[in-house]
Amino acid sequence: MDIKTLFSKSIVLDAIPPIHPDQPNYTSPRTYGVYEIVVRGLNTKRYRYGNHPIRQTELIREHGSVRCLALYFDRSLAKQLATALNQ
Numbered sequence: 129m130d131i132k133t134l135f136s137k138s139i140v141l142d143a144i145p146p147i148h149p150d151q152p153n154y155t156s157p158r159t160y161g162v163y164e165i166v167v168r169g170l171n172t173k174r175y176r177y178g179n180h181p182i183r184q185t186e187l188i189r190e191h192g193s194v195r196c197l198a199l200y201f202d203r204s205l206a207k208q209l210a211t212a213l214n215q
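If you count by our numbering, then the sequence shown holds residues 129 to 215, one letter each, in order.
The set of hints was computed from the structure by calculation and includes no laboratory data.
Each hint should be verified, as a subset may be incorrect.
When the alpha-carbon atoms are kept at most 30 Å apart in a straight line, the in silico DSSO-like pairs for lysine-lysine are as follows [claimed, not checked]: (1) Lys207 <-> Lys132; (2) Lys132 <-> Lys173; (3) Lys137 <-> Lys207.
Using the sequences and the accompanying hints, generate a full structural model.
This is the structure:
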């Protein structure tokens, strides 16, 4: 699948239900994000994916700044997009 098609299958970032107060690190239903690491001189993969918002928090701690590019209900779509963007 090409990058344009993968982006078209993403869900609207504002459409994610609020995080439940008893589980502040999860969305319901579970979502998977694709993140761009915004760091100059990065020598590793610039695009990462994972369980949203947990992975986003980890990447911010590790790199300082990330941007969520897309969210999916299907983990495999997030993985495909991150892989395609890193090529």
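Now for the hints, and whether the structure bears them out:
no.	hint	verdict
1	Lys207 <-> Lys132	holds (15 Å)
2	Lys132 <-> Lys173	holds (20 Å)
3	Lys137 <-> Lys207	holds (13 Å)
Of the numbered hints stated above, none is contradicted by the structure.
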